[in-house]
Amino acid sequence: MSDLPQPSCLRKRHASLTRRAVLAGAGLLATTVACQRQSQSVIVPAQKPRVTIAKAEAYDDRVYDIVRRAVGQHTTAAGGSLDVKGKRIVLKPNLVEFDPNTPVNTHPTFVHAVRETFLGMGAAEVLIAEGPGHRRDALDLADAAGYFRTIRGFEDLFHDLNMEEVTRLPLHNPFSKLSELYLPKVLLGADLIVSVAKMKTHHWVGATLTMKNFFGTVPGSIYGWPKNVLHWSGIPECIADLHNIYPRTFGIVDGIVGMEGNGPIQGTEKFAGVVVTGDDLPAVDATCARIMGIDPQRFPYLQLAANHGQMLAENVHQIGESIASVQTDFDLFGDHKEWRLPRG
Amino acid sequence: MASTPASTATPITVNRTIAGYLERLQALQLPNGSWPYRKMDAVGFTEATSYALLAYRAAGKAAPHADACFHWLLTLRRKSGGYAAQEAVQFSNWTTSLVVLAQLHHGRQQDAQSGIDWLLGTVGIEGEPLTRALRNVFGKETPYPQNHQGWPWTRGAVSWIMPTVLGTEALRKANQLHPSSDRQKRVREGEGAVLERRCSDGGWNHGASSALGVDHHSYPETTGMALLCLRHLEASRIAGADEFALSYLKKRHSAVTTSWLQLGLVSRGKSVPPLPIEDATTAAGNTTTKAPEITESHGEETAIQCRTTVDLALRVIALSAIQGNNIFNV
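From first to last, the protein sequence lines stand for chains S and E. This note's numbering numbers the first residue of the first sequence as 1 and each following residue consecutively. This note's numbering numbers the first residue of the second sequence as 1 and each following residue consecutively.
Some clues are possibly wrong.
Listed below are the simulated BS3-like cross-link pairs for lysine-lysine, each with C-alpha atoms no more than 27 angstroms apart in a straight line [as the list claims (entries may be wrong)]:
#1 E/251 to S/177
#2 S/185 to E/39
#3 E/270 to E/250
#4 E/79 to E/185
#5 S/48 to S/85
#6 S/177 to E/250
#7 E/79 to S/185
#8 E/61 to E/270
#9 E/79 to E/140
#10 S/85 to S/185
#11 E/79 to E/61
#12 E/61 to E/39
Simulated coverage check for chain S against chain E, where a stretch passes if three residues somewhere in it have a Cβ under 8 angstroms from a Cβ of chain E [what the hints assert, rightly or not]:
#13 134-142
#14 165-175
#15 223-229
Calculated directly from the structure, the hints in this document are not laboratory data. Where a beta carbon is used, it is the ideal one built from N, C-alpha and C, also for glycine.
Extracted from the complex, chain E is given alone in its bound form:
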């Protein structure tokens, strides 16, 4: 099919891009309502399913087979109240944050309660009261400040940026709907944990800002997520971080990375133009809303590739935020 050169995106082409991504998402949905990571997968996954549900919410569309999908998610709830990453797994993990976000955004507060409780009761081990007390008693130095409570990927491990940002966002949304002091406290703690892990280069690594005396370099996706989490912080407290993320955004990145950078910057009130869009559908004279041939591009040979459910869903969420419907706008 012939295609037009990538050109400056307009609200219309962005909406068509979102529609194209949603169409591809729907094609991936499994009969039980869940989503796999990739077309080759035979089963659904908690993360992929939650992101897909959030994408529909961000785009203002009804998620297909939503009841079946949310019912499927409940089958992954474990005794702890949190959610497992997939059916075979018996313990809860970081994906609980995403399930809670999806449930709350789709008006399923009652379902979300157990996940919220799990999040409130889960802390990276470096932030557990006993660990902190022992550290204070023995005056043990840590390689980076560990004064705040973040979230680990799994219970029994230390906090990392991604689960801490997602945990913070889930509780921020929960607190918006039903404010409580414990939710507010963990949101502040989450922000603090992210803030104190900032790398010396101005962005954020996945976890610690240094190891074995060597500074870690930052990564674009974690930098974008950190900015999202710290969106209410005045610029002076993270001086240069927005500019750092903007410089990252000018380079070629994956769908996931581009999305988190855009979400972080948009959430901080920065102007983030969407990437140029190549619209093969229009070139072929097709003016319907079906737009599977639309691609976003950083320039020649740098089209964003959406290869997984998470890729597609995050592109929808980020583009919707650029259009003014930011699901993280809490």
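So here's chain S without its partners, still in its complex pose:
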């Protein structure tokens, strides 16, 4: 049995769910997806989700210790739910463009720090996987973005999710118009998927953080570049569906240098100086939104997925730095300017 964090529905109904069981059949997965679709009424659990905020000044050697400590706040030894000993972990960075000089990608040093952290915690294997939304050549993209230079043996560790063998998952009672999705086996067979997201504004959904990052798990060889079928099926709804599909996730946000304005590609650099971690992705994203000066309650995808009240700060167990100490307003794009978090 996996003792990794799982959404409440899984804990209740599939306490014995294992990696092998996940791979065993789409039927069980279908049940998994169906059971997680809950009403939008908010039920605040007895134990609030834990989210850690840490300050980080630059992508240098200090990042390794900062990430290790921030993730360490969520281990079972620290009162959290994370125990990765002997487990197979897949890191999902946000890898978008070739240019290493823009804040569009999760920084390679940051990804390396995350990988080293999980290896240090006893993980059996820590793979890296991404399916870029626009560019066809993910390996070349990763090379240009500095991943090959920073992470030894990167090519052998990396899975291009656009071109992976897939399994069909029927979606029962989804938020979106989708009735099924084909998703990479390498993810569905993982003990833990870690969304290693970049803190960026997004011109369609407000911000791209740990949950929107999972759009990159939908294979382009099947759905195209970008994953246009997700746009036509409802972007917020698809974000919520993908969140439900992956039962064992952890979020780590590279908010050291983010992107503001017309993100996620054409925006401009924004220094925020933070690392945010947690095993409840809606809580992590809501916390990031507050740091960015955006009202998380305006995010349609959080309205669908944050059914434990994570959009409200009082429903999150905040660890480390306070939001006020790191809050910095990101420039917002178009109508999203109205999403500014009220102050005072």
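Chain S is already provided as a structure; the job is to place chain E on it using the hints.
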């Protein structure tokens, strides 16, 4: 192994490079005749397999285990007549264009018919007659012109540059072999759809030329593909596009991007010298046709990396086009 510095390519070194890429392709082929994307993959994929078959055709070589390979492809044909991207997938998608191209180039017209029919019956939803009629009735403005029918990645989505170019090329080849008015019409529509999505910077993005009132910037690979598709268009209708692509080609790009830029420019009759070639095999005194140590380079530390089947196949197709055997020369 010692290597010589990258030097100006000659037809001989280009041929040796092609031979080296084909050798690597063959090493990747799976026992059932299909090709994976990468060595680590245990299964074949439609796109990779189709490109590999086209590479052998471009190089004028027989594809190894061709019968098994084409038989495998037929197992991915779905009820719709189109092809799925891999075995587990139940619906057809854009890879149908590549299968049709591979089948037609290898003389398998009968096999190709269902894919051709699928392509003729597939339209991006913005180009569907009902969508267009409603748009006209209600006078709804679109963010960019949508007067022509392109192809989507999957049915039920809008058109994008890559599937539209590949769909156009497949039907262009089909029309060359068996001309028909419906094939010719969709080729013209495909060209029109690509043309009307040109970005303000002179190249092509993946899809729309703008969104939310902001112009999109172009990408090199889609610009190369668009030029390939528009190769019969007079220069005045896409003024500056060739020069724009040539400027892209001077920068470092991936194997895929370099290939599409070269194919687009060569197809438009432009002179495109191959990249300098570093020939380690020659330096070691090996003069056989085995050339796995040959690399193409943009200059210092900028060698083209062929990491996937698609990389290798597209390099073969592009280099063959530069040598005068352009499979898109229809």
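Cross-check of the supplied hints:
no. : hint           : verdict
1   : E/251 to S/177 : violated (42 angstroms)
2   : S/185 to E/39  : holds (17 angstroms)
3   : E/270 to E/250 : holds (14 angstroms)
4   : E/79 to E/185  : holds (25 angstroms)
5   : S/48 to S/85   : holds (24 angstroms)
6   : S/177 to E/250 : violated (44 angstroms)
7   : E/79 to S/185  : holds (25 angstroms)
8   : E/61 to E/270  : holds (26 angstroms)
9   : E/79 to E/140  : violated (36 angstroms)
10  : S/85 to S/185  : holds (21 angstroms)
11  : E/79 to E/61   : violated (32 angstroms)
12  : E/61 to E/39   : holds (22 angstroms)
13  : 134-142        : holds (count 7)
14  : 165-175        : holds (count 4)
15  : 223-229        : holds (count 6)
Consistency with the previously given hints fails for numbers 1, 6, 9, 11, ordered from lowest to highest.
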